[in-house]
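Enquirer: Sequence lines, in order, name chains F and W.
The opening position of the first sequence corresponds to residue 1 in the working numbering, with each subsequent residue numbered one higher.
The opening position of the second sequence corresponds to residue 1 in the working numbering, with each subsequent residue numbered one higher.
Treat the hints as calculated values from the structure; they're not laboratory data.
Just so you know, not all the hints are guaranteed correct.
To be verified - Here are some, though not all, of the chain W residues that point toward chain F, as calculated from beta-carbon distances under 8 Å:
hint	residue
1	D69
2	K225
3	L235
Values in this document were obtained by computation on a predicted structure and should not be read as measured data.
Here a beta-carbon is modelled for each residue, glycine too, at the ideal position from N, C-alpha and C.
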Amino acid sequence: MSVLVFVEAANGKIKKAGFEGVTYAKNTADQLSNSVTAIVFGNADAAEVSSLGEYGATKVLHAKGDVFNNLDAGAFTSAVAAAVEKENADVIIFPFDNSGKAIAPRLSAKLKAGLVSGALSYPTTSGGFKVKKNVFSGKAIAEVEITTAKKIIAFTPNSVGAHKASGSASVEDFAPSVNASKIKLLEVKKQEGDIPLPEAELVVSAGRGMKGPENWAPVEELAKVLGAATACSRPVADAHWRPHHEHVGQTGIAIRPNLYIAIGISGAIQHLAGVNQSKVIVVINNDAEAPFFKAADYGVLGDAFQIVPKLVEAVKKFKASQN
Amino acid sequence: MNILVCISQVPDTTSKIAFTDGNTKFDTNGVQYIVNPSDEWYALVRALELKEGGGGIVTIITVGNADVDPVIRKALAIGADDAVRINSDAKDSYYVAAQIAEYAKTKSFDLIITGNQTIDFNNAEVGGMIAELIGWDYITPCNKLEVNGNVCKIESEVAGSTRVLEAPTPLVISAAKGMAEARIPNMRGIMAARTKPITVVEPAAVSPQVKINVFELPPAKAGVKMIDPENMDELVKLLHTEAKVI
Ligand SMILES: Cc1cc2nc3c(=O)[nH]c(=O)nc-3n(C[C@H](O)[C@H](O)[C@H](O)COP(=O)(O)OP(=O)(O)OC[C@H]3O[C@@H](n4cnc5c(N)ncnc54)[C@H](O)[C@@H]3O)c2cc1C
Ligand SMILES: Nc1ncnc2c1ncn2[C@@H]1O[C@H](COP(=O)(O)O)[C@@H](O)[C@H]1O
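Extracted from the complex, chain W is given alone in its bound form:
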């Protein structure tokens, strides 16, 4: 299997979310970056397991400028064979997907795996766009993946049920919880990652389709109303008459 795993750099889950320049830019001051959890924990690790089981190559790709190299090294340390960086800001999902699709068209991947959603922009868009742009089938979310020859067997959990699907490669899938267990890179992996190649590719000319004008913070909560633990009738009454949710 020749697998391409799309990884995205995102702020660490505990980052303070603030904005600058009249709330038009994310404030990167003091922010630590990580590989987007579903890309790392599910997409990358499952790709590595498939390679370990049946051979092949796992390539990671990211659209970003040189700032993202440390995060690429982390993914290499977990075990990816090589890395491609499309040398540009990620302008919007379409831009990112188009860059990845352009690159993938020049190679012969069997499987492209994305995370199901980034934790910064929460779009869940890139995977489907790549699939359309290269004309492959797309399955999301993918909670379990087995590969047998060129046939993928996938479990996809949607509201209330699990769908068991079968699809031939080439295929784009988006990885979600259940696909694999997170791995911690070991010393050997970290050492090896230092010398693995990162191929830098200049971006294709693509026009973005959306732009973020301004950010705002959600309205603050009014504050918690504490209820006497002996008086659950009171809580039920408030949920009915005040909150009007039951």
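In isolation and in its complexed conformation, chain F is listed as follows:
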């Protein structure tokens, strides 16, 4: 028996969620006295691939084939299913990111394996296989029990972290036979901004309090000096002040960074739904009654146009002192 974990690589490197996934799989496998096999998609150099061993994988299948180039969820599902069979896996782990969302549900239906998406912590396996997940956009947590023989978990990225174990992995190429895809990838357009928001550890976000798109320079500068991604509230995206992929909240994307700085955002419940899982929240707002302060760890009451440039200077000073 084994625990299989889905890992993605791009540009020669394993994605961050991959190491976290192996960590998640290792904990699960230890509870079940199983071993961890990772299935890696995408191009990664040999050293990167075998480094998964340091996180607890004993075997790595490096999936190869042009069929994966079109990013067809069906092709990935068939390949993972082939690996499940080869490895006799009874638990399969995915990150709950776009890839996990595309593939894990298909695999669940294919293998009749119960799926829990958005797991917040490791499963418990004695007295039923149970996993805690977010529900109601972070306003509650549910304990879900998987009642099928095979089980799939899609874990929330940045929830358990990546931890090194000791060990090493054997690596083999894996070329399962997968049907040709009908989906064609025509183009990949890079979005502006260096750090993709869903993966960012630090996020600087701003709302209608900024008054207009012409006032975003200090927000962007703060993001730049921190090495953070930028985000915004829904009305800001709707008014096209900012690109809509920056829209966070119940109807935008949900994020879980280590630090979320909210500037001129009131903290409506639909906004909080997308950011309330952040580890630390800083709120900058000139209204002491803004609901966001109730959800914040640190608050600064005052005019963002005064405060943000000061914060930029303070961060610069701090960064300089660190070098």
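Got chain F; can you put chain W with the ligands on it based on the hints?
Expert: Same frame as chain F, now just chain W with the ligands:
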């Protein structure tokens, strides 16, 4: 285009979240229900736009008991042609997907559109499961959709980039922000919705695969620490030494 739009009833976004029966059941007391925002704003409205542009029929489907009829009427008021209700509680995602797949197999839809995620269980599961169960391709998230004959051109935003994809129908897609703009039903739509048919179909025998044992509320925040706006060095110091996030 013959389009099936999957809609889910969810508590209004401002609902108070509480539980009863030893935290095993969602407390529905005083809760208002709405159509899940991505189902309504993006999936349904884009389907209607495609129909308006090129003809066809837009059918909505939901798995739920008779309590969900008011929400079905709302979706009909926005402009769906007809509605199907699979007469059962939504036991889990697999159960829901299997019911919808069973129904879809008996018809000839070109496109099945789901929302990308419900705001109650946040699963993002049903669309992919339907696709697997009926053997169609699946694209998620779908932020833009154009249809030309039987070819769909889709923009899908994933971390840091936008993928432009082309896929033939039949296809399952999950709709997200950008696909369309929300529509408010007008009086004519609301009147028309009253007489549109809701076809009630009895569920197929399907075993759910997961069950919720118990709910809990997340741990409360310790409370906000206010920082002097003149002293941003202090904030940076706390973020470094106390919060340890920079
Ligand atoms: C079904 C539904 C789904 C929704 N989904 C989302 C979602 O996903 N994401 C989302 O963000 N919203 C969502 N909303 C909208 C949400 O309810 C709020 O309307 C929105 O979040 C408000 O955006 P805001 O905070 O930028 O603007 P406002 O509410 O206008 O707040 C602006 C804030 O800026 C402060 N401010 C003004 N000037 C200054 C200054 N000089 N310095 C400092 N502070 C200042 C004000 O005190 C105020 O608190 C949704 C709503 C509905 C009904
Ligand atoms: N009970 C249901 N009936 C019909 N469609 C549903 C139901 N539940 C979920 N869906 C659809 O599946 C999408 C994803 O739901 P979920 O997997 O629960 O996040 C929703 O946005 C709906 O389009």
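Enquirer: When the structure is checked against the list of hints, which entries are broken? Sort them ascending.
Expert: As far as the earlier hints go, only 1 is violated by this structure.
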